[in-house]
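Novice: What follows is the residue order along each chain.
Number of protein chains: 2
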Amino acid sequence: MKLTVDNINPRVRAAKYAVRGELAVKSEEYRARLNKGDTSLPFKQIISANIGNPQQLDQQPITFFRQVCSLLENPKLLEKEDVLISGLGYKTDVIERAKWLLSHAGSVGAYSASKGVPAIQDSIAAFLESWSSALQAILYYLLILYLGRDGFPANPSNIYLSAGASSGVNTILNVICTGPQTGVLIPIPQYPLYTATLALLDATPVPYYLDESKGWGTDVEAVRNAYEKATADGTDVRCIVVINPGNPTGASLPEEDIQAVIDFAAQKNVVVMADEVYQTNVFVGKFHSFKSVLRKMQQEHPGKYDGVELVSLHSISKGMVGECGHRGGYFELVGFDPEVEANIYKFVSIQLCAPVIGQCLVELMVNPPKPGEPSYKLYREEHDGIFQGLKQRATALHKAFSEMEGVECGEPQGSMYLFPTIKLPARAAEAAAAEGRTPDDFYCMRLLEATGICVVPGAGFGQVEGTTHFRTTFLAPGTEWVGSIVKFHQEFMDKYR
Amino acid sequence: MKLTVDNINPRVRAAKYAVRGELAVKSEEYRARLNKGDTSLPFKQIISANIGNPQQLDQQPITFFRQVCSLLENPKLLEKEDVLISGLGYKTDVIERAKWLLSHAGSVGAYSASKGVPAIQDSIAAFLESWSSALQAILYYLLILYLGRDGFPANPSNIYLSAGASSGVNTILNVICTGPQTGVLIPIPQYPLYTATLALLDATPVPYYLDESKGWGTDVEAVRNAYEKATADGTDVRCIVVINPGNPTGASLPEEDIQAVIDFAAQKNVVVMADEVYQTNVFVGKFHSFKSVLRKMQQEHPGKYDGVELVSLHSISKGMVGECGHRGGYFELVGFDPEVEANIYKFVSIQLCAPVIGQCLVELMVNPPKPGEPSYKLYREEHDGIFQGLKQRATALHKAFSEMEGVECGEPQGSMYLFPTIKLPARAAEAAAAEGRTPDDFYCMRLLEATGICVVPGAGFGQVEGTTHFRTTFLAPGTEWVGSIVKFHQEFMDKYR
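So the sequences go chain by chain: A and B.
If you read the first sequence in this note's numbering, its first letter stands for residue 10, the second for the next number, and so on.
If you read the second sequence in this note's numbering, its first letter stands for residue 10, the second for the next number, and so on.
Same shape as in the complex, but just chain A:
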């Protein structure tokens, strides 16, 4: 029997991933037409605001990182240090770092150990543990980057290098889920990797809704209600996913919310999966890692939280690094049973190892140039320039949304996204239905056709029934594209009002 859509794995068929769905495919077709000189389209470029892909848009890679990578790729250059320094302007710390990484990783063309290069696990552990969070709270912005994050011990052997955070999520959910009886608490709206992976594993997503009226905050009562309902239905709820800062919402959680989630997890013995890939994209308040909050709770209430199982994930794809094409990241396990960890090890070993140059970029991310080192000044300028640029673009886009008819959008707090609500006229919903589309899908398709701007309909992330949202990144440079959205929206509203 030949393979058809009706006899393939129904779990693959059921999985949905709107970030790269129909709209994204159509935008790539438009891009190809533009590249071939097609002038019949009403726009001159495609703006891929559907995906957090910093370097496809304005974000330049950090010079230090890429200089080191160039030497990792071609170690023979290290035989000509004088040319590197005098001819190409490489600083001595670039050369030293490359030598250090090569001495530990060997060739970047060789498989590493399954969990990653041991010396890089050590660097991540040092990054995680090397500063106390009390001082960190005071000196956060200046110190986080070179003095470490949490101030609590981290064991390198609990750290697994991964091909981006996505691969880590896939690993953990594969180990946790045993079938439809397994439930995983998922925020709604959520990054669709979670529901897609659960669909592939035939496990049950247990949605808990974030509260848009409170800046998309995590309300532990909503979590508890979702848990109780699923449990009453016979679902074995084993894990809670928290995305902080939020994707697609951009929310940045206060410490109390994290404490409440951990307390809930401790009561119910559910694994906490903390997706913290946007930890440096924070514009309001500060980032609190689940690990640091957990460790503080363990100190303050001896014994009470010892059983908590936490996975925290990070990535080189986002933040000021923005190296998503290199597929690098890591996850740290806290409180896992050693036999369970052995199965996690086996699972990752089947995939051999994360890309080694991506692993090296993880090392560079957690251990960037420090004050006094030759590359520090440029690193600092580039880093801060990217951060300020993101913040400015977020603010400008938010301002535009706040002036658009029927659009509401919370203040940008973190991550790379805004997730506005749109109140569309009834006639727009009718026109959408006539085309077999939901209103959000219809709106986003018209936006793409009119402006070349690709965003993702809210349904791709989940939204309260009857509401309409879309997610857009604020990575694209300039303000012209923001003007295009404003103009399109006005015309759309005029047409369907």
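Some clues are possibly wrong.
Unchecked claim - Okay, the calculated beta carbon distance ranges per label pair:
1) A:Q54 <-> B:R42: 56 to 62 Å
2) A:K25 <-> B:P162: 31 to 37 Å
3) B:A128 <-> A:K400: 33 to 39 Å
4) B:N234 <-> A:A23: 55 to 61 Å
5) B:Q401 <-> A:G394: 50 to 56 Å
6) B:R42 <-> A:V34: 37 to 43 Å
7) B:G415 <-> A:E90: 50 to 56 Å
8) A:P19 <-> B:T447: 35 to 41 Å
9) B:R42 <-> A:K400: 46 to 52 Å
None of these hints come from the bench; they were simulated from the model.
All C-beta atoms, glycine included, are put in the ideal place defined by N, C-alpha and C.
For chain A, the structure is supplied; the task is to place chain B on it using the hints.
Specialist: Relative to the frame of chain A, chain B by itself:
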């Protein structure tokens, strides 16, 4: 309920991957002890002959490839072409290729399209189609590398860039398998990725045995018998995996065997999954791709083979490229239903994209320097040097095995492995059982402890009941380690005879 080994996903628990199992873990512990100056071990280095990891051992990366990668990582170097050329010895074709790749891939730090960079799909298609196989057969060794492989059209949109071939295998098996009722024909011995992935998908491996007495050839009667038996048991057999050249066997299939498999697949409507990652590691005869054989059969018997569904996989990890740490590869789909392809697209899009620098290495592999180009001479020398080195080491190791008591091993034909049979004394089997080990596991553990050489027991790949094998790569430089195996083996036999 906390996660324990008893309540996690039983499919993860059931999966086995001996290539990175207990022996590999123990060898890494020894390596760490040696690195810390431990002199109590009876060896001075670890030889990881358990995994095809060329650059961890002797194989040097191809200079042209890595020079291009260094520029992809740091495109600012392209502003100083004079320094690159006069100071660093970069040829103009290195610079041109880097510019070409950057113009099509953009930043290697950006996500590509889900299926890969379109221009790289085009390059792979050109590689696959650009020479007729009749001429290729005559001029094989000289021409394959710069005049293309199959001589039949390839459609770039059917080509998917992947993170090594492993990721491609995972994608296809996820789409094909629907549960325990799905059967997949697997050669025994096999590369354990296949049984591990089927275990994770809760699908049923249907083993067909390769014939050791005929150089581990693929006997289609064995395939047919396995198919009939599984079908009679109610299994829906949907796919046949063929690894050519073989892993762990090293066998290189003649064209007739490939024809027979395709003919079988056409009769039974099973997907052919051709794992062709060792296609340039061929020492005897020549490599025949499943795609070229299928296309010839389709020409010679119009209509008869039109329905055949073929996936062929290739990788940058092996061959003279050996860049496994970069996690690059591709698969080509032939004869798949477009709706099934749409689900394959969706599956890969959930993982976002293959590492982009690995994708660029795929482009370099399929489109290396050509005669007359500035980098050609060095490329040719390096390429041929690696090939000859592999062949010599294979021959030397084979010679050693053929002189060892109770060891039999077929002539090296291809891939990177030898898979000798060992006839162990009955007392060795008793000693193994007393330790709770199988004889092959026991032998390999004693070998590691005595010599620091890590190989993989035959059970990790599957073997006929009652026989004992191990797999070793022939990548390690020098002959000293071969001598260590000979010495260990003699002492082992003397002890247990």
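Novice: Each of the hints needs a verdict: does it hold here or not?
Specialist: Here is how each hint holds up against the structure:
no.: 1; hint: A:Q54 <-> B:R42: 56 to 62 Å; in the structure: holds (57 Å)
no.: 2; hint: A:K25 <-> B:P162: 31 to 37 Å; in the structure: holds (34 Å)
no.: 3; hint: B:A128 <-> A:K400: 33 to 39 Å; in the structure: holds (35 Å)
no.: 4; hint: B:N234 <-> A:A23: 55 to 61 Å; in the structure: violated (36 Å)
no.: 5; hint: B:Q401 <-> A:G394: 50 to 56 Å; in the structure: holds (54 Å)
no.: 6; hint: B:R42 <-> A:V34: 37 to 43 Å; in the structure: violated (53 Å)
no.: 7; hint: B:G415 <-> A:E90: 50 to 56 Å; in the structure: holds (54 Å)
no.: 8; hint: A:P19 <-> B:T447: 35 to 41 Å; in the structure: holds (38 Å)
no.: 9; hint: B:R42 <-> A:K400: 46 to 52 Å; in the structure: holds (49 Å)
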